[in-house]
Amino acid sequence: MLKKKWFLLLTLVFALGLLLAACSGDDSGEESSGDSNAGEDSSDNSEGSDGEEKLAADQTFDINIKTEPPSLNPGTASDTTSGAVLDQVFEGLMRINQDGEVEEAMAESYEVSDDQKTYTFKIREDATWSNGDPVTAQDFEYAWKWVLNPDHADTDYAYQLYPIKGAQAAKEEGASLDDVGITVEDDKTLVVELNQGTPYFLDLTAFYTYYPVNHKVVEGNDDWAQEASDMYVTNGPFTLESWAHKDQVVLKKYEDYWDAETVKLETINMYMVDDANTALEMYNGGELDWAGDPTSSLPLPAIPSLKQDGSLNLSPLAGVYYYAFNTEESPFDNVNIRKAFASAINREGIVQSITQREEQPAMALVPPSIWEENEEGYFEDNNAEQAKEYLEAGLEELGMDELPPISLSYNTDEAHAAIAQAVQDMWRENLGVEVELNNEEWNVYLDSMGEGNFQAGRMGWLADFNDAINFLEIFQSVGGNNYTNWESEEYSDLLEQSRTEGDADARKEILREAEKIFMDEMPIAPVYFYTNAWLSKDNVKNIEVSGLGGVQFKWGYLTEE
Amino acid sequence: MAQTQLKDSDFEPLYVDENEAEKIAGESNSYWKDAWRRFKKNKLALSGVVVIILLGIMSFIGGPISGHNYFENDLLSANKQPSAEHWFGTDNLGRDIFARTWYGAKISLFIGLMAALIDLIVGIIWGSIAGFFGGKVDEYMMRVADILYGVPYLLVVILLMVILPQGLWTLIIAMTITGWINMARIVRGQVMQLKSEEYVLASQSLGASNVRLLFKHLVPNTMGPILVTLTLTIPTAIFTEAFLSFLGLGVPAPLASWGTMSSDALASFQYFPFQLFFPAFFICLTMLAFNVIGDGMRDALDPKER
Amino acid sequence: MARYLLKRLVYIVVSLFLIVTITFFLMQAAPGGPFASEKKLTPAIEAQMNEAYGLDEPLHVQYMNYVVNAFSFDFGPSFKYVGQDVTDIIARSFPYSLILGLEAIFIALSIGVLLGVVAAVKHNKFGDYTAMVIAVLGISVPSFIMATILQYIFAIKLGALPVGRFDTFWHSILPAVALATTPLAFIARLMRSSMLEVLNSDYIKTAKSKGMSQKVVTYKHGLRNAILPVVSYLGPLVVSILTGSFIIESIFGIPGLGSEFVQSVTNRDYTVIMGTTVFFSVLLLISILIVDLLYGLVDPRIKVTGKGGKS
Chain A
1 MLKKKWFLLL TLVFALGLLL AACSGDDSGE ESSGDSNAGE DSSDNSEGSD
51 GEEKLAADQT FDINIKTEPP SLNPGTASDT TSGAVLDQVF EGLMRINQDG
101 EVEEAMAESY EVSDDQKTYT FKIREDATWS NGDPVTAQDF EYAWKWVLNP
151 DHADTDYAYQ LYPIKGAQAA KEEGASLDDV GITVEDDKTL VVELNQGTPY
201 FLDLTAFYTY YPVNHKVVEG NDDWAQEASD MYVTNGPFTL ESWAHKDQVV
251 LKKYEDYWDA ETVKLETINM YMVDDANTAL EMYNGGELDW AGDPTSSLPL
301 PAIPSLKQDG SLNLSPLAGV YYYAFNTEES PFDNVNIRKA FASAINREGI
351 VQSITQREEQ PAMALVPPSI WEENEEGYFE DNNAEQAKEY LEAGLEELGM
401 DELPPISLSY NTDEAHAAIA QAVQDMWREN LGVEVELNNE EWNVYLDSMG
451 EGNFQAGRMG WLADFNDAIN FLEIFQSVGG NNYTNWESEE YSDLLEQSRT
501 EGDADARKEI LREAEKIFMD EMPIAPVYFY TNAWLSKDNV KNIEVSGLGG
551 VQFKWGYLTE E
Chain B
1 MAQTQLKDSD FEPLYVDENE AEKIAGESNS YWKDAWRRFK KNKLALSGVV
51 VIILLGIMSF IGGPISGHNY FENDLLSANK QPSAEHWFGT DNLGRDIFAR
101 TWYGAKISLF IGLMAALIDL IVGIIWGSIA GFFGGKVDEY MMRVADILYG
151 VPYLLVVILL MVILPQGLWT LIIAMTITGW INMARIVRGQ VMQLKSEEYV
201 LASQSLGASN VRLLFKHLVP NTMGPILVTL TLTIPTAIFT EAFLSFLGLG
251 VPAPLASWGT MSSDALASFQ YFPFQLFFPA FFICLTMLAF NVIGDGMRDA
301 LDPKER
Chain C
1 MARYLLKRLV YIVVSLFLIV TITFFLMQAA PGGPFASEKK LTPAIEAQMN
51 EAYGLDEPLH VQYMNYVVNA FSFDFGPSFK YVGQDVTDII ARSFPYSLIL
101 GLEAIFIALS IGVLLGVVAA VKHNKFGDYT AMVIAVLGIS VPSFIMATIL
151 QYIFAIKLGA LPVGRFDTFW HSILPAVALA TTPLAFIARL MRSSMLEVLN
201 SDYIKTAKSK GMSQKVVTYK HGLRNAILPV VSYLGPLVVS ILTGSFIIES
251 IFGIPGLGSE FVQSVTNRDY TVIMGTTVFF SVLLLISILI VDLLYGLVDP
301 RIKVTGKGGK S
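Residue numbers (the UniProt record's numbering), protein chains in the order written: chain A, 1 to 561; chain B, 1 to 306; chain C, 1 to 311.
In isolation and in its complexed conformation, chain A is listed as follows:
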């Protein structure tokens, strides 16, 4: 069979006149056919055991992470690709478990003070670094304070540590690092003081900016995370075996991990293939065990057929895709006009025909994976009648007869372009407005959005942690990630109020009220809530895709096919 294919290939090669391929000997040909299947378990013919799962002998898992991880130092990482590697090789005080709940990881136990402001963590006795050193409270202190040191650049995610008392002051206002609320009581006890009660603080300690580093190895050597070397000491379920930049990262099981019993995968190969179609074909050809989110993506046109044959896996992702209105410029300075545009979008249509990953139409800000109520939302999707009413009211308030042409901006991307063109058509159809599309290269786009140089522009937000406040606080004041120029004292007050509210239900009540105000003012038109979409081989089990765009291999294993 293989020979036949080779023959066919060579014929075609000749036909194309490819002398090079034709001249080279075919002895290396056999090698290559072996090579392309290397690392892949060829046990197709083994008996499938019904009921009881049998672990495959070769626990090697292959996945695509799309690009070079920009940083494998947890202190300087700020992107999902780096996160996908770091989450396997490091471990924080806590970890999000398979049920999506925080559980103890490096910390054996923790105590919270009555005012919710002080956390005391006990670190596991059997937690060790990959060089044999025990994991200590000092390691956490060193790692966190390293990030908060204003002399250390590239710490984009330092703000993740700002709930800690004095953290922001130390990083941004020149206060001393000694005043930061991180105290080492003894080698295994870490006390953290917060500015105020932060109900999601334990979630945060599972995030990579909160990971420890081995201070004995790393101290005085800020370049430790450049390569997979002796210096790259880790404490997670896997270790960094090799790192061929821009090509491949290899992880190996860490045998002395405190919970090594749970960890089944022996080797994880992470390839960096940028093209989604190529990655999908590598998956189809058996070179990958996983394709798509969260470490890479599936090509859009492949989705319908994958959905049809039932191989597509979907899970909600805490994030929202929206169009921001520039509320300082006519006509979007008028709330009725904003509402008209928001109501005139057919979200169901976009989700069904363009993005196709069973995203939920968004008529609210906070994703339903955080607040279930938001499956309904605050207004009706695709209501042309309502939109026209809003439009008339708005035009009257503005003293206009008809809308001037407006511009819709987005950054260059196939999916953004498709959605923008659909929305352009919907607005033209439902509101009779001429919409000009304005498509810019990513950096240029961010620049013009920041300058307020837009009328309506695409944006998205992916949650840093699983709490509604992460979405609501974007719009607390103008600037930062709030490009709309909209702010409201009432809204801001409610958010502040929520920060001191200790009772979870009361806090939610307050935040819901804030969201209602927001949706009443409609400075953004939400479009849909994101989902993760991926394929995995049938024998791949228990790989955890989180609602925050992360993935964990700790519990994963391969069964015999």
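There may be inaccurate statements among the hints.
[Said to hold, decoys possible] Lysine-lysine pairs mimicking PhoX-like chemistry, simulated, CA-CA at most 25 Å apart:
#	chain 1	residue 1	chain 2	residue 2
1	A	Lys145	C	Lys40
2	C	Lys157	A	Lys307
3	B	Lys40	C	Lys157
4	C	Lys220	C	Lys210
5	C	Lys210	B	Lys41
6	C	Lys220	C	Lys205
7	B	Lys41	C	Lys122
8	A	Lys252	A	Lys541
9	C	Lys122	B	Lys43
10	A	Lys165	C	Lys40
11	B	Lys43	C	Lys210
12	B	Lys136	C	Lys7
13	B	Lys40	C	Lys122
14	C	Lys157	A	Lys537
15	B	Lys43	A	Lys307
16	A	Lys117	A	Lys188
Everything labelled a hint here was simulated from the structure, so no lab data went into it.
None of the values given here were measured: they were computed from a predicted structure.
Given chain A's structure and the hints, the job is docking chains B and C onto it.
Leaving out everything else, chains B and C in the frame of chain A:
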């Protein structure tokens, strides 16, 4: 049959005006006229012209006769196979590919022709002057070209897109800013090679001016490589546009060009091959046409084949 | 000759300086910066980053630093890939592009010249048409479509070659062929046209009438002269092929220099932009010099002298 006897009186001396002695009786054929005459004889080249004209006509009437326009979405009939309703099928937004193909023809042909024309003019002037005068002039002119070639092209394009209004002309300027260099280099090489030929020396010693030498003798003789380069400039321009739209610097949506249509369709090639087929087919057809025209022109313009 | 070379080297340095200068100001003028991201930095942290990377210095100081760095080939660390040295990035990605590029040039040159000569010798015969159809197809199909189709046929349908990545020689075949298509077609056409011209010229006719065999005339006399336009096209081509193609590299998932270069621009990764630009320019300028020297070798009528061969 009796032989005719000729007598002296049968002949009379012809009066010849000294001034008329050198007059050529036949219609004087200018270089270009001659070229056109020869070009007309080349059936293949003529059919290339016909194809281009047809494409040009279709680019104007293609949209109207399909009954669709290039921008109207219909999400419910997205990615439909070619049918009576949509002759070339529909794209991922349910837009009629037939209408988009012809709209794209307009834009792609315009971009290709304009970019090629600008490259041609700038490249010939630059290259021939550098090649002809040689020495310092050549040195400096070619170094300027090197520098332009060395500056990261993408940066230039990004900047141009920001400074100039988004649109076709900006795109064309962006493409020609380095596009002419190849042309200039080839013309220069040819001119350097030709200027030591005997006919040039002859013309020079007869007192022909430099401009005359250049554009009457040298440039026509370099037409072969120039035309080959030119026929390649057009596809390069069409593809460069596709590459730029890949990076978000191409024609703004929902405008269509063959380049954007095929690069968009590329991702769905395995699932909806017809979306790639039509724009790619017309790109190939256009290229083929330009190539046979180029060949025909090369043969027709070559002074040596007179 | 030595004087000529020296002079050209001086020009190279001057050109390089101008390229660095222009690139620096283009970079500064392009909107956005290396630290822009969807999740904005707080102003204080952004200020710290600017300070750490020297972006808070006045423009002329930054400019001086860049020029000095560029000429000492020490560009510092990348902005995007934290702590990775630009020289390391180039050193690790260039070999991929180099290997692919050499394969592609080999394919394009050997087959292109062959097709061109065949077409010219068999002018207006079957051989001519076949060669030119191949050439036209090569030009008509953009490399990214070619890459996708090759991948589809040979890797996906036939399963004969790997889909992507770069491990063995076999991984390099498809990308190299895709990369070679357009230049191959270009060379074939260029070669045909100049070969035709040469074959029609008087000295060839003389040689023929003197009774030299067709073969000797074509290959000894014709080829040497006809290859000139190809040589002058080759300089920039070699550089652009060797430094990689963004599209081919991203389709086949190859960690080459081409994707590094494009991504550095879209990331506004200033040091990587400068590094790749200087690298590219040095290669380009040197290859142009080599082409000019080659020109002198190939064409007996052009003498490489300090006067630039003015007659």
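Okay, the hints, checked on the actual structure:
no.	hint	in the structure
1	A:Lys145 / C:Lys40	22 Å, holds
2	C:Lys157 / A:Lys307	22 Å, holds
3	B:Lys40 / C:Lys157	46 Å, violated
4	C:Lys220 / C:Lys210	15 Å, holds
5	C:Lys210 / B:Lys41	33 Å, violated
6	C:Lys220 / C:Lys205	13 Å, holds
7	B:Lys41 / C:Lys122	20 Å, holds
8	A:Lys252 / A:Lys541	18 Å, holds
9	C:Lys122 / B:Lys43	19 Å, holds
10	A:Lys165 / C:Lys40	22 Å, holds
11	B:Lys43 / C:Lys210	35 Å, violated
12	B:Lys136 / C:Lys7	12 Å, holds
13	B:Lys40 / C:Lys122	23 Å, holds
14	C:Lys157 / A:Lys537	20 Å, holds
15	B:Lys43 / A:Lys307	53 Å, violated
16	A:Lys117 / A:Lys188	20 Å, holds
The structure is inconsistent with the numbered hints 3, 5, 11, 15, although it conforms to all the rest.
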